[in-house]
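Number of protein chains: 2
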Amino acid sequence: MTPIPASLDTLLAALRDSLGPRHVVTDPADMAPYLVESRKLYTGAALAVLRPGTTEEVGFAVRACTQAGIAIVPLGGNTGLTGAGVPQGGMVLSLERMTRLRSVDPVDATITVEAGMILQEVQAAADAAGMLFPLSYASRGSARIGGGISTNAGGIAVLAYGNARDLVLGLEVVLADGRVWNGLKALRKDNAGYDLKQLFIGSEGTLGIVTAAVLKLFPKTRSSAVAFVGLDSARAALALFVFLRTRLDRDLTAFEYLPPFALDIVLRHVPGTVRPLAEAHSAYALIEVASARPDADARAALEAALGQAIEEGLIADAALGASGAQDDALWRLREGVPEAQTREGASIKHDVSVPLSRLPDFLERAGAACVAAMPGLRPCGFGHFGDGNIHFNLTQPEDMPAAEFLAQWGRFNRIVHDIVHALGGSIAAEHGVGLIKRDELVRYGDPVGLDLMRRLKAALDPKALLNPGKVLGPTAGETPPPA
Amino acid sequence: MTPIPASLDTLLAALRDSLGPRHVVTDPADMAPYLVESRKLYTGAALAVLRPGTTEEVGFAVRACTQAGIAIVPLGGNTGLTGAGVPQGGMVLSLERMTRLRSVDPVDATITVEAGMILQEVQAAADAAGMLFPLSYASRGSARIGGGISTNAGGIAVLAYGNARDLVLGLEVVLADGRVWNGLKALRKDNAGYDLKQLFIGSEGTLGIVTAAVLKLFPKTRSSAVAFVGLDSARAALALFVFLRTRLDRDLTAFEYLPPFALDIVLRHVPGTVRPLAEAHSAYALIEVASARPDADARAALEAALGQAIEEGLIADAALGASGAQDDALWRLREGVPEAQTREGASIKHDVSVPLSRLPDFLERAGAACVAAMPGLRPCGFGHFGDGNIHFNLTQPEDMPAAEFLAQWGRFNRIVHDIVHALGGSIAAEHGVGLIKRDELVRYGDPVGLDLMRRLKAALDPKALLNPGKVLGPTAGETPPPA
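The listed protein sequences derive, respectively, from chains A and B.
Note that full-length UniProt numbering numbers the first sequence so that position 173 is 173, with each residue one more than the last.
Note that full-length UniProt numbering numbers the second sequence so that position 403 is 403, with each residue one more than the last.
Source of the hints: derived by calculation from the structure; they are not laboratory data.
Among the hints, a few may not be true.
Think about it this way: if two alpha-carbon atoms lie no more than 30 Å apart in a straight line, the pair counts; the simulated DSS-like pairs of lysine-lysine are [stated by the list, open to error]: (1) A/K463 - B/K220; (2) B/K463 - A/K220; (3) A/K220 - A/K185.
Label-pair distances were calculated between CB atoms; the ranges are [to be verified]: (4) B/V371 - A/P106: 56 to 62 Å; (5) B/D166 - A/P28: 45 to 51 Å; (6) A/E311 - B/E311: 38 to 44 Å; (7) B/D127 - A/D297: 26 to 32 Å; (8) A/N182 - B/D17: 46 to 52 Å; (9) A/E312 - B/A300: 48 to 54 Å; (10) B/T342 - A/S323: 31 to 37 Å; (11) A/Q67 - B/G69: 48 to 54 Å.
Every residue gets a Cβ at the ideal spot worked out from N, C-alpha and C, and that includes glycine.
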């Protein structure tokens, strides 16, 4: 155990005074859930878990800790996939008690929420006000909005509505010295000086702690349709995407990609799923069309577009959902992939993006290189094709022990990320960097860009106490062990 | 004249060697056009005008100057409205020779251009590739894209496509020490560390000099329609906007506002304009609907929406363009306002934004306060209503000498900006800060936010040689004289 110095006792006493004794957690059993991340790749250690209930309390806690030279690791719903919320000493600062809906305004088309609000509850509050908050991803029932903002989360609605960054109008942020920056503006245009909120979106709590946000709302979807199509190749998927983007314009709201292996394991492992097309194909896409226009008929529009695509030889076969229930069933084929992968064995994962035109090249080259490196390995590159973002996961060979496979994590990172880099892509598309990719960021990052990032860190957090070791990390050593 | 020290001779010689003698301009007559901004509110002074032709030459020029302690003022098309491009000593660095189209890719839906490319030429290059680059504003025939990015320009397509910031995927930037940051990524998702491009968008050349950009393209518009409607009040305009936003969703691409005075002076001063509605009304809106969907019928959609709005009592009268020529004529009523204002006399101008729900309050309160302060003054608050952005310009009383009126610039700034600030708005919505609003920024800015801005400036430009005095300015003195 780390010996607790007298000054830490003093600090904890001051924090108990400010936050209330129940919200300074030091009991190891009570702390445990805050120290392990969702995939259990990392286990952290902390002196205490702080649970402030207000922005002022966050400010007090940060000021008290950083004055004492104690690091702070902000934590939302603990659903991150990079270890960004795992403490390596210092204090965990959980936003879980800051769950207030501050306001919602259907005329402004904005909602102002505290960072600890669960994403699904933000969606529900928007819906209750007659509007849509489009950010959405699998963990929406437990992810907190502050985490989504701090990681610039992506998800299933990016094609039409953008990433989390695109949905933020204003932020309230506690800085490294405990001061509060109030940038809670509800403006569509604001060029009054530097756009400070951009610093805190996607910087994973390393430059400040987001405590509240003003978010954009949109008219509610009134008509939507989903199709699942069979294709001859990833190259055909790209041609189809370009065709549909031109034809459906902003009504094309999702274009997700599955290789045959992904569909096979979903059908094998996810209860209630049914093969959507009579024949097997070399590639699949899930397509969604949606609009808020009351006169829009999304199903007719999608059917007509797919009909023309079949005529032009872009699609081998297509299944169009005939009802909301059928649409949901088709979405389940896509959303079931991560669960199916877990059941199929161990996976080595990559969350990458490339320019749209390079997607087929990437899938072909990375798949071939990985299979060549380990015969029997099963590449499963699926996901947000329309955003250029592939979850290029590798499922272990059937006969290999999981641990033996996972020991190759670094080797496959190198193979896949080298190809991504050569194609002008990103090794961290939507999940962020955290611990898991901080060494990769240094390896592939432009040196001038990395220097700029370090200058920003030094300017905003000169003592390096906000989520230390994440994103830019201490570059020496500490490559994280997978699983 | 500033005496030229020996070291400046050395510097100029080195610059002539690198850029070529023709591109280091020191002749006063040749320099003159670079020293006066479009509205002639400011006249600058500079040691020389540099015209580098490549990114490497920009890097050399910046390194050479900043090593010598000489300031650099980057300049695009010199169409800015805030004095951000006016030098107060040092060197002007014109991007006018960096006009290359580096690439355009209709599959990626991206275009990569150098900073000196004229906005209209970027639009034309996108069009030639079968795509749309939506950023557009009145000065598009001479504004350069680097200036639009550096000021986060707005314009007439923000409602559907966002500000310049929303259209930038990647940047190439020359930093204060002359190094080049290559962030020319063509990715829709990239969370590999801090999003550095955000620093340089909208910071008006004070943190770095944008030399090239990767921009987003969109499917071309295939159907569009325009209407000009008469309304009972600004409050009715807001109700109509909310109604149309819900009904037309992303197909509502413009909602511009005009008070009766604006329409009257356009009809008086702009040749070829015709009153669009039989009766006069208390407020007007120009509405555009557009889509790239081949089956979309924008005119029918707009007609149906307006019909319902009339039934619901939201609109007093409406004129729907029946052809592209008629649509253009309706647009001319909106786009003619600045010219008509110039012909009607002197104007004191404000480029402000408020939350959408506060627009009617703002227009009423600011109009009443200004008229109370100067009877006979004619408020002309018009513009991008759907973005919450009003050009709240004040036309002089008919019988007052222009100079006497313009001497009140600061007084009216105070009246208008106080109201904007009280309503949670921005005193610099789409034109930026430059020289004209730097003292206002300090007055109304959150002190914590201003401190963060100064830290960013110090981190990226420690010698304060990039466009010095702009945005954050030396806070002491130097309030710019109007006209």
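Which numbered hints fail: Going through the list in order, the structure violates hints 1, 2, 4, 9, 10, 11 and respects the others.
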